[in-house]
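J.: Put together the whole structure using the sequences plus the hints.
Protein chains in written order, with my numbering: chain A, 1 to 289; chain B, 1 to 189; chain C, 1 to 367.
In short, the hints are calculated from the structure, not lab data. Owing to the predicted nature of the structure, the values given are computational and were not obtained by experimental measurement.
Far from chain C by the CB rule (all over 10 Å, computed), these chain A residues:
#1 8
#2 130
#3 137
#4 156
#5 165
#6 237
#7 281
Among chain B residues calculated to face chain C with C-beta under 8 Å, some are:
#8 15
#9 44
#10 81
Distance condition first, Cα-Cα at most 27 Å in a straight line; then the derived DSSO-like pairs of lysine-lysine:
#11 47(B) x 102(B)
#12 286(A) x 152(A)
#13 333(C) x 107(A)
#14 151(C) x 286(A)
#15 47(B) x 135(B)
#16 63(B) x 51(B)
#17 102(B) x 63(B)
#18 47(B) x 151(C)
#19 281(C) x 333(C)
Note that the Cβ used here is the ideal one computed from N, Cα and C, for glycine as well.
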Amino acid sequence: MNPVSFLTQMIRIAIPYLFAASGGVVAERSGIVSLTLEGFMLTGAFAAVVGTNYSGNPWIGVLSGMIGGLIFAMIHAVATIRYRADQVVVGVAINLLAIGVTRFFLKLFFASSSNSPRVTGFGGNIHAGGFDNPLLWLGVLVAPVVAFMIYKTPFGLRVRAAGEHPDAAESVGVSVTRVRYIAVAISGVLAALGGVYLALDQHQFTDQMTAGRGFIAISAVIFGRWDPIRAALACLLFAAAETFQIQLQGSHAIPSQFVEMIPYLLTIIALAGVVGRAVPPAALGKAEA
Amino acid sequence: MDGAEITRRSVSERHEAGLSHIPEDRHRRGLILEYTVADNLILGVQKSFAKNGVLDRDRIMEKAAEEISSFDIRPPNSILEARALSGGNQQKIVVAREMGRKFSVLLASQPTRGVDVGAIEFIHQQLLDARAQGKAILLVSAELNEVLALSDRIAVMYRGKFAGVMASPDATEEALGELMIGARKGNAA
Amino acid sequence: MSASSPPIPHETITRAAWREHAEEALIPPLVALLVAAICGDLLILSYGQSPAAVYRLLIEGTWGNAYGFGQVLYKATTLAFTGLAVSFGLRAGLFNIGGESQLAAGGFAAALTGLALPGGTPLILALPLCMIAAGAAGGVVGAVPAYLKTKFGAHEVIVTIMLNFVVLALLNWFIAGHLHVPETLHTPEIHAGVLPRLADISSRFHGSAANLSLIVAVLVAVAVWFYLFRARGGYELRAAGLQPDAAEYGGISVGRVWMRALTFSGVIAGAGGINYVLGYKHYYEDGFASGAGFLGIAVALVGRNHPFGVLVAAFFFATLSQGGLAIHAFVPKQMMDVLQGVVILAVAMSVPEVRRVLRSGRRGREA
Numbered sequence: 001m002n003p004v005s006f007l008t009q010m011i012r013i014a015i016p017y018l019f020a021a022s023g024g025v026v027a028e029r030s031g032i033v034s035l036t037l038e039g040f041m042l043t044g045a046f047a048a049v050v051g052t053n054y055s056g057n058p059w060i061g062v063l064s065g066m067i068g069g070l071i072f073a074m075i076h077a078v079a080t081i082r083y084r085a086d087q088v089v090v091g092v093a094i095n096l097l098a099i100g101v102t103r104f105f106l107k108l109f110f111a112s113s114s115n116s117p118r119v120t121g122f123g124g125n126i127h128a129g130g131f132d133n134p135l136l137w138l139g140v141l142v143a144p145v146v147a148f149m150i151y152k153t154p155f156g157l158r159v160r161a162a163g164e165h166p167d168a169a170e171s172v173g174v175s176v177t178r179v180r181y182i183a184v185a186i187s188g189v190l191a192a193l194g195g196v197y198l199a200l201d202q203h204q205f206t207d208q209m210t211a212g213r214g215f216i217a218i219s220a221v222i223f224g225r226w227d228p229i230r231a232a233l234a235c236l237l238f239a240a241a242e243t244f245q246i247q248l249q250g251s252h253a254i255p256s257q258f259v260e261m262i263p264y265l266l267t268i269i270a271l272a273g274v275v276g277r278a279v280p281p282a283a284l285g286k287a288e289a
Numbered sequence: 001m002d003g004a005e006i007t008r009r010s011v012s013e014r015h016e017a018g019l020s021h022i023p024e025d026r027h028r029r030g031l032i033l034e035y036t037v038a039d040n041l042i043l044g045v046q047k048s049f050a051k052n053g054v055l056d057r058d059r060i061m062e063k064a065a066e067e068i069s070s071f072d073i074r075p076p077n078s079i080l081e082a083r084a085l086s087g088g089n090q091q092k093i094v095v096a097r098e099m100g101r102k103f104s105v106l107l108a109s110q111p112t113r114g115v116d117v118g119a120i121e122f123i124h125q126q127l128l129d130a131r132a133q134g135k136a137i138l139l140v141s142a143e144l145n146e147v148l149a150l151s152d153r154i155a156v157m158y159r160g161k162f163a164g165v166m167a168s169p170d171a172t173e174e175a176l177g178e179l180m181i182g183a184r185k186g187n188a189a
Numbered sequence: 001m002s003a004s005s006p007p008i009p010h011e012t013i014t015r016a017a018w019r020e021h022a023e024e025a026l027i028p029p030l031v032a033l034l035v036a037a038i039c040g041d042l043l044i045l046s047y048g049q050s051p052a053a054v055y056r057l058l059i060e061g062t063w064g065n066a067y068g069f070g071q072v073l074y075k076a077t078t079l080a081f082t083g084l085a086v087s088f089g090l091r092a093g094l095f096n097i098g099g100e101s102q103l104a105a106g107g108f109a110a111a112l113t114g115l116a117l118p119g120g121t122p123l124i125l126a127l128p129l130c131m132i133a134a135g136a137a138g139g140v141v142g143a144v145p146a147y148l149k150t151k152f153g154a155h156e157v158i159v160t161i162m163l164n165f166v167v168l169a170l171l172n173w174f175i176a177g178h179l180h181v182p183e184t185l186h187t188p189e190i191h192a193g194v195l196p197r198l199a200d201i202s203s204r205f206h207g208s209a210a211n212l213s214l215i216v217a218v219l220v221a222v223a224v225w226f227y228l229f230r231a232r233g234g235y236e237l238r239a240a241g242l243q244p245d246a247a248e249y250g251g252i253s254v255g256r257v258w259m260r261a262l263t264f265s266g267v268i269a270g271a272g273g274i275n276y277v278l279g280y281k282h283y284y285e286d287g288f289a290s291g292a293g294f295l296g297i298a299v300a301l302v303g304r305n306h307p308f309g310v311l312v313a314a315f316f317f318a319t320l321s322q323g324g325l326a327i328h329a330f331v332p333k334q335m336m337d338v339l340q341g342v343v344i345l346a347v348a349m350s351v352p353e354v355r356r357v358l359r360s361g362r363r364g365r366e367a
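T.: So this is what it looks like as structure tokens:
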């Protein structure tokens, strides 16, 4: 197992997590629970394949993936912000809806219950190790960009205010509603990009292909204590564990099931405050403002 | 209380020791708005209305009817949700519950806030009756008139400490006012 | 409530109170049903089929024949258990998303017990033993988030979601590594604890998986109802869920309520494992619980967290699920997956909205 191949594989595995976790940080910081990342990712993956399939151009796929994520994000936003529906329930509903909708249209467009036709993706040069894929570079950059936005821009300040003290923010003229809508939209687009990367990398869509990656992304958000850079590091950590397990597959050193558990166990431990308290934004989940 | 240290006791132990409390925020701490009047009236003493873990609904209804009539809670229907009653009547539920049990010390915090005039008079009378029976009442209120009308002794707090305690006849509005703004240092007894 | 207006008769107030309660409880699921029906129409039309024909086929395939009805009952049984589990937690203000892992753990324990007991053990002994094992396993899984919440304030939503993955991976490791029948991912058949199928009682149900766990599910629902609404413990549990501050002031230890509620929620979900393991396949199979946890949330929500509402909602969702298979020739069964999500979303959105509209309407009338 050589370090270069380990690192390149680790980064490739981390990209979907990086996209989704960065989006999750934005939405959760604004006060909206983001259990929906899994659903957004799946939608993005499917929409990307549909777009690429019918246009032959993967960039159209990227665009359609982003639109797919945006549509689902808007459903999430309207339900939780305008209708004040319970954010956890809506999260579960969105994830189920994403599975259902992708399955339904998979059948309708491609007459299959399990997978779409193959589509072109990016890159393809075996010697480039995946680094000729522009989406990969986007994924590497997304966390620092989101960090910059959250901490250094006026919008980011409004997002943080909406998540910590929505009442105070309203009283100084910040439209908490508008900020949250935009934050959720961002989370939808970014998480969908994670799915886009996944689908185009595998050159097809398969039923439920995200396989829990959206939940690993949420784990990264929590483990990273709602900070974009720390969440990104958590993503790399989880991806490293996965890479370890893949590269060690033959040797049965640690059963794969235990490696699978690592992100989830770490999150539980983080929540129990063993590795420093994971304190969420004060207004997270309470859409009374 | 009665020589026993109750600082670290649980709420139910304090109740048993004879301490009752009318909390300041009846919606958050005083009542469960979605519960019926009857269910709210047994909050804190539900154990004594249960036999083998099962609630005795007949006894609860009886007790509720009693308290509704003694404390003039309107509308006099024990199965209404507390949410449906006016502020004054909601407060009367809390008062009925806290003063309806056996107690020797009552902490009444803003007991007539947001309450209509008829209910205010009623609650004041309840407090005076309790005093006549020898109960100790600590009334916390932001209404100067209420404090002056009811109290035997008045303590003023300034910046977290007692600024002065005086007997009611000595407590003029000016004297109290000066203590309230910290202009005069009285004796904190 | 001015003193000058004539007193309103007792019965009128009581009736009005009941009506308000019923409205707030029942309107959201009906709204959701309407929205789902409309979405269903759209999906069916997009396949070039006639909604009326498809709905008729749906009813025929589910309630119109004994086999279909049996399948609906079978699926409803599992959903009843997970739905009761979720609603029990929600009554205490807690969200148990761990239904799938608790159900799986329960089924696993039931299978192990069934294997450990000698063949020929009478059902009267085997069933309670298997159920206790199943409930205990679910309870252990449920106790983890309970403890973490009570001791550390860890939010149970995330803990239960995470724990799902951990427990399911652990169970998968047990099966794949040690306990499976070769070429499969299930345990050997149990020796004892087999529950009779409905088909054993009436041959009309031949082929369907419905079994006597159905009765157990109903009994559990009744037990939950009794506990919540007639027992002191249930009074305290609901109080802690509705208004924890007032409950504390009333002497109720909210922390202990949480501990009991989440653990027991796990017990109920775990007990549901008997449906598949004792009543249907007679072994534990990896993945049998798939989706039951999330659907349990839907069932609890549509059933408005009331044990009997949960039974009705479980029946409804089971009908959708079985119905998908019945109409598969005309419209892909995937349509039902979409409708499931739509129903949950619609109920979640209409509960606060209906409450808001009804209460402002009432306040307007009283003014």
